[in-house]
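For the record, the sequence lines run as chains A and B.
Just so it is clear: in the first sequence, position 91 is 91 by the numbering used here, and no numbers are missing.
Offset between the second sequence (1-based) and the numbering used here: plus 111.
Calculated from the structure, these hints are not laboratory results.
One or more of the hints may lead you astray.
[To be verified] On the chain B side, residues computed to face chain A include the following (Cβ under 7 Å):
id, residue
1, Pro150
2, Ala159
3, Phe184
4, Gly196
5, Ser203
6, Ala205
7, Gly206
8, Gln209
9, Phe212
10, Ser219
Please read all numbers here as calculations on a predicted model, not as lab measurements.
Just so you know, even glycine gets a beta-carbon here, dropped at the ideal spot from N, CA and C.
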Amino acid sequence: NAGVTQTPKFRVLKTGQSMTLLCAQDMNHEYMYWYRQDPGMGLRLIHYSVGEGTTAKGEVPDGYNVSRLKKQNFLLGLESAAPSQTSVYFCASSSQGLEQYFGPGTRLTVT
Amino acid sequence: GQQLNQSPQSMFIQEGEDVSMNCTSSSIFNTWLWYKQDPGEGPVLLIALYKAGELTSNGRLTAQFGITRKDSFLNISASIPSDVGIYFCAGSGAGSYQLTFGKGTKLSVIP
Numbered sequence: 001n002a003g004v005t006q007t008p009k010f011r012v013l014k015t016g017q018s019m020t021l022l023c024a025q026d027m028n029h030e031y032m033y034w035y036r037q038d039p040g041m042g043l044r045l046i047h048y049s050v051g052e053g054t055t056a057k058g059e060v061p062d063g064y065n066v067s068r069l070k071k072q073n074f075l076l077g078l079e080s081a082a083p084s085q086t087s088v089y090f091c092a093s094s095s096q097g098l099e100q101y102f103g104p105g106t107r108l109t110v111t
Numbered sequence: 112g113q114q115l116n117q118s119p120q121s122m123f124i125q126e127g128e129d130v131s132m133n134c135t136s137s138s139i140f141n142t143w144l145w146y147k148q149d150p151g152e153g154p155v156l157l158i159a160l161y162k163a164g165e166l167t168s169n170g171r172l173t174a175q176f177g178i179t180r181k182d183s184f185l186n187i188s189a190s191i192p193s194d195v196g197i198y199f200c201a202g203s204g205a206g207s208y209q210l211t212f213g214k215g216t217k218l219s220v221i222p
């Protein structure tokens with residue numbers, strides 16, 4: 001039982017490049033979330049999903065898109081990366097939307 | 112939007128001492144959660160609280176849901192070196208699938 005996994009663990013992008021972060025969970029959770037964590041800022045919600053085929057905006061959605069085509073996967077896309085998107089990205093999942101379980105994170109640097 | 116103030120921002124304690132930290136909200140929450148994050152890892156759920164006045168323990172950790180529903184407290188007794196990390200509070204309002212996170216309390220334990 002792996003819980004929540006994220007790929008890749010590290011990535012360096014140049015400004016303007018695109019990429020997709022993958023989150024997978026094997027707990028059959030309905031709810032999935034993408035957060036970013038910046039020094040001194042805590043965790044801020046980017047987008048979330050309350051079930052397969054649904055997505056919704058969080059606190060800081062600009063510059064990101066998401067898709068939830070399968071219940072176990074939640075993808076985060078950056079269409080045109082900017083230095084302001086340098087951050088650590090965490091995915092989380094939850095069975096009922098409250099107790100969230102986090103993945104190990106992806107450290108993204110945009111130069 | 113909802114804001115959480117977590118204090119202190121950081122603390123240095125001697126091994127064996129007890130630790131207290133707290134979180135206050137600008138609005139009422141129905142759920143309070145406490146997480147711990149080790150360096151380079153994702154946050155790990157420590158304790159979940161669902162009722163005003165509730166006191167819940169997890170080993171040496173005890174958390175309380177404030178009776179005003181606008182605050183929560185975490186105590187760690189007899190600290191040990193592996194308690195080092197960043198502790199986050201998170202809260203959720205009625206009917207919400209989203210968590211609002213505090214900015215964290217960084218705990219250092221001096222052996």
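Structure-based check of each hint:
1. Pro150: violated (11 Å)
2. Ala159: At about 5 Å, which falls below the 7 Å cut-off, the nearest Cβ of chain A leaves the hint on Ala159 of chain B intact, so it holds.
3. Phe184: violated (18 Å)
4. Gly196: Result: violated, 14 Å to nearest chain A Cβ.
5. Ser203: Because about 6 Å separates Ser203 of chain B from the closest Cβ in chain A, which is inside the 7 Å limit, the hint holds.
6. Ala205: violated (12 Å)
7. Gly206: Gly206 of chain B check fails; min Cβ-Cβ to chain A is 10 Å, beyond 7 Å.
8. Gln209: holds (6 Å)
9. Phe212: holds (4 Å)
10. Ser219: With a minimum Cβ separation of about 17 Å from chain A (threshold 7 Å), the hint on Ser219 of chain B is violated.
Consistency with the previously given hints fails for numbers 1, 3, 4, 6, 7, 10, ordered from lowest to highest.
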